[in-house]
Every structure is written in structure tokens, then in C-alpha cells.
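Whole structure, please, built from the sequences with the hints as guidance.
Going line by line, the protein sequences match chains A and B.
The first sequence runs contiguously to residue 455 in the numbering used here.
The second sequence runs contiguously to residue 267 in the numbering used here.
Calculated from the structure, these hints are not laboratory results.
Fair warning: there could be bad hints in the mix.
As the list claims (entries may be wrong) - If the Cβ cut is set under 10 Å, some of the chain A residues that face chain B in the computed set are:
1. R278
2. S280
3. R338
4. R360
5. V454
To be verified - Subject to a maximum C-alpha distance of 20 Å in a straight line, what follows is the list of computed SDA-like cross-link-like pairs (lysine to any residue):
6. A:K451 x B:L157
7. A:K455 x B:S165
8. B:K163 x A:M450
If you're wondering where the values come from, they're calculated on a predicted model, not measured in any experiment.
We put the CB at the ideal spot given by N, CA and C, even for glycine.
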Amino acid sequence: MLLSTSIVLGSLLALFAVVILKGAFALSLSMITETPKAGYYLGGGGGILNAIVGSLYLASGATALAFVISIPIALFLNEYAGRSRFASLTRLSLDILWGIPSIVYGAFAFTIMLYLGARASLFWGIITVTLFVFPIMTRAMDEVIATVPLRLKEGSYALGSTRLETALKVVTRQALPGILTAILLAFGRAIGDAASVLFTAGYTDSIPRSLFEPVATLPLAIFFQLSTPTPEVQERAYASGIILLIIVSIASLASRISTRRLMKYVVK
Amino acid sequence: MIQARITINKLNVLFEGHHALKDISVDIPEKKITVVIGPSGCGKTTLLKSLNRLIDLTEGAEISGQVIVDGVDVYDARVDVTDIRKRMGLIAQTPSPLPMSIYDNIAYGPRIHGAKDGSALDQTVENCLQIVALWDEVKGRLGEPASKLSVGQQQRLCMARTIAVKPEILLCDEPTSALDPISARNVELLLKMLKKDYTIVFVTHILSQARRLADYVIFLYLGELVEHGPAEKFFAEPTDARTKAYLEGAFG
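Shown next as C-alpha cells:
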């Protein structure tokens, strides 16, 4: 008990400590309010607002798109497919997709982009990230929806509701806290991944004004800053890490709070 | 002579080879309480679920025979199953409120059948809660989650929710088994009151409860219909040896 807590909490604190100790001094207001100025990567002024906004655009877009794909599949698997072969084949495919490293998705999307003659852009970044987070989201939702008790569904059916009404109004409602967790899990993976967006979303010092412009992301900002020879810029990489940690923590906290509120109606 | 509301004709149910109901043929009288008795595992719940086709949800169930309500076989391919279930409300053994507020639990049924929000729906919710004598206990907190109610209150809520879709027949699957004696008595009194408006089929394995409630009795044993008849006759002069043994408490 004590050991498991200390291992988990210990690694969390150690990670926070290293990132904060190395990055805190480089953290400044201009870091989060300005885009990079000329010579930024050589120690010049400016910030990484481009990557912050870019990451939020990309992760939100991909999470929203993945949600649109995941919720019907997860409901279908549980409320319509039953124990059919389709259901187990779908689950098996999702599990395999889940296990594939994100760089492979990046390479896959890049191949398609080359074929279509498309350039790296926010749009393709969202598509790629959606591809690799939707299996995670779907399976997470699937697991939660599977725990909705049969008697609850029977209660709904007995009142003369259709499958769709039961799925949307009762099952989804009961599973809502878990669904929210699944969304957050996907969002966390989406905002933290560098490999899949390297070729597909590109990188730029400005904030994109349309879906078809390249976009910067925080993980890549960290990567580029860390790989410069200038110590000050390397410190900024850790500062960017702090910003990423803060975003993920806020999302996690927000979902915690809303989960607690949603739990109110859940039937035990 | 009784007036039949439901006519069951050669009903057979198989669960992956297990013969759960064998050739059941019986009439269920209108606006009476018909109690289905028998020991556990004799097919009582299966019989109830076959009436409103909730059994369709059980994977691997094979059903043959007819259940005729108002001249229509509920297993006819042209029948709308949601309509069947709306007309035959089922009250389950353990109350399972829906994951929403007290108000929404009652309003759920009317809403899926097209009711719009407004004072008419408010009135329906109040009426239904009045009927099950829950209104006074919850009127100030209709927005609270239904799961916060006690089990006895939840069961009355489930009854109110069933009544809200205006069924004609109430199917009750041991609805008092999870309740304390006082709540159970309230539910029984409620059903006795409701039988002037509804045809009620009540499943129980408690003989004393059957004696208190029944106008008509159906005795199932190992998936077979052993004996059925008006309550006075059934309890006073059972004909089958198995019925006699059961009534004397030899098994079950």
C-alpha cells in the first residue's frame, strides 16, 4: 500500500521536480504571450505562444474528431453487436491499433500526404493524431459502457424505448464520468505526442490562421529547443515542459471536478 | 366466466438447450391480480419477460408459441415491440432507477413517447408520484438524483415511472423481495388499489403473499404449468398432487 503510493507519487514528484528546477528560471510572461522573435533559437527574445496555441488547436481538434468516431463505435459494440464475431473482430483491431507506435501513424499519414501532394498542416496533424488516439478513446469508452448494468437497460426497454434511445439517454448517461475520462486520456496522448506530428503538422513560428497552414506543437518545441547548443534555449525547453505539464494538469483537474459532479446521477 | 386479457398459447422458451418454459397455455383475466407462483428457477420471470418481449434481450433465447393481447400476437413480425412494452409495464425485482433526477425518471417514458416539457408533463409526474404515495416525500427535491432515495422509495418510483407511460397491463417480478416489510406492505396495498384500472400479473415465490394478493393463480413447476384457477378454488381444492405438496410446504 505504502510502497505503491510512494512509487507512483515519487515518480510524479521527481518528474515535476526535474522539469521545474531546470525550467523555472527560463519561465517568463513573454514565454506564453509571444511568438518566437528573430534569433529565438540562438537565445533571442520572444516565446512559444505559437506552440501553445498550436498544441491546443491540434489536440482539441483531434480529440473532438476522435470523439465523433469513438462514441458510436463504443455504443454499437455494446448495445447492438452483442457477442457477435463483428464485435470481437472490432475489439481485436482496436487493440492492435492501440499498440502501434505513433511514429508509424505519422509515417502512414505522410505517405498518403505525399500521394495527394498535400503539405504539412494543422489539418493533417489533426487527422494523424485522431487516427492514433481514437482506438484508445474507443476502447476506454467500450470498457466503461460494458459495465452499465443490464437491469438499467431493461428498465429503459420496459418503458418502450428503442435501442437508440436507451443507448443515448440511459447508457451514455450512466457511463458519462467514464466517457469523460476516456476523452481526457485521448487528449493527454494527443497533446503530448511529437512523433506523429513531426512530418504531418510541420512546425512554424507563427500561429496558424487556417486549417491548411503548418502548426507548431509543444512537444516539438521542446525537442527543437533541447537540440540547440545554447544553454539558455535548452532551459526554455524545460520551461515549455512546465507549460505542457500545466495544461495537462488543468485538463485532468477539470475532468476530475466535472466527473464528481456527473457522478451524482450515476446509479450504483 | 372470466374475461381474458392475455391469452398464452403453447408458449415454449429454450435457453441454449435448456427448456425453460414448456407448452404453456393459459388465460390471464382482465383487471385482476394474477399471481404466478412456484419455486425458484421454475420459469416465473421468464414467463413475465416473454409477455412484454423483454426476453428478446436475452441472447440465445428461442421462443415459440403465441401471446395474444387484444387479439394480436405480440410475436407477430408486424408488431412494434416498443408499443408492446409500453402497454405492458414491467416492475423488476430490484428497483433500478435511471441515472437521472427523480423528475426525469418519471418523465423519461412520456418523453420518449413524444411528450413535450411543460406543465402537462409536470402534472403527469405529480399524478404518478401521488398514485404510488411518493409525492409528499419527494415534492421538494424532484431535481435530486433518484439513486439517493431509499430502496423502498426507489421501487415506488419505478412503479410511478411505469404508470407514467399509461400501460394497460402491469407485470411485477417479485417487486417486494428487496424491500423491508413496511415498504413491501405499501407496494401490496398499492397493487390492490391499482387492479381496478390495470390487469396485473404478479410473480412471487412467497405463498402467504400469493394468498393475500391473488384473484387468480398460476402454478409453475420446472417450466411446466401444473395448475391454474381462481384463487379461492386454487388454495382450497388443489387438484394436482404437486400443487398440494407445494401448498403444504413440501418444497420451494
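Each hint tested on the structure:
1. R278: Status violated, d = 17 Å.
2. S280: 22 Å, violated
3. R338: 4 Å, holds
4. R360: 5 Å, holds
5. V454: 5 Å, holds
6. A:K451 x B:L157: 14 Å, holds
7. A:K455 x B:S165: 13 Å, holds
8. B:K163 x A:M450: 12 Å, holds
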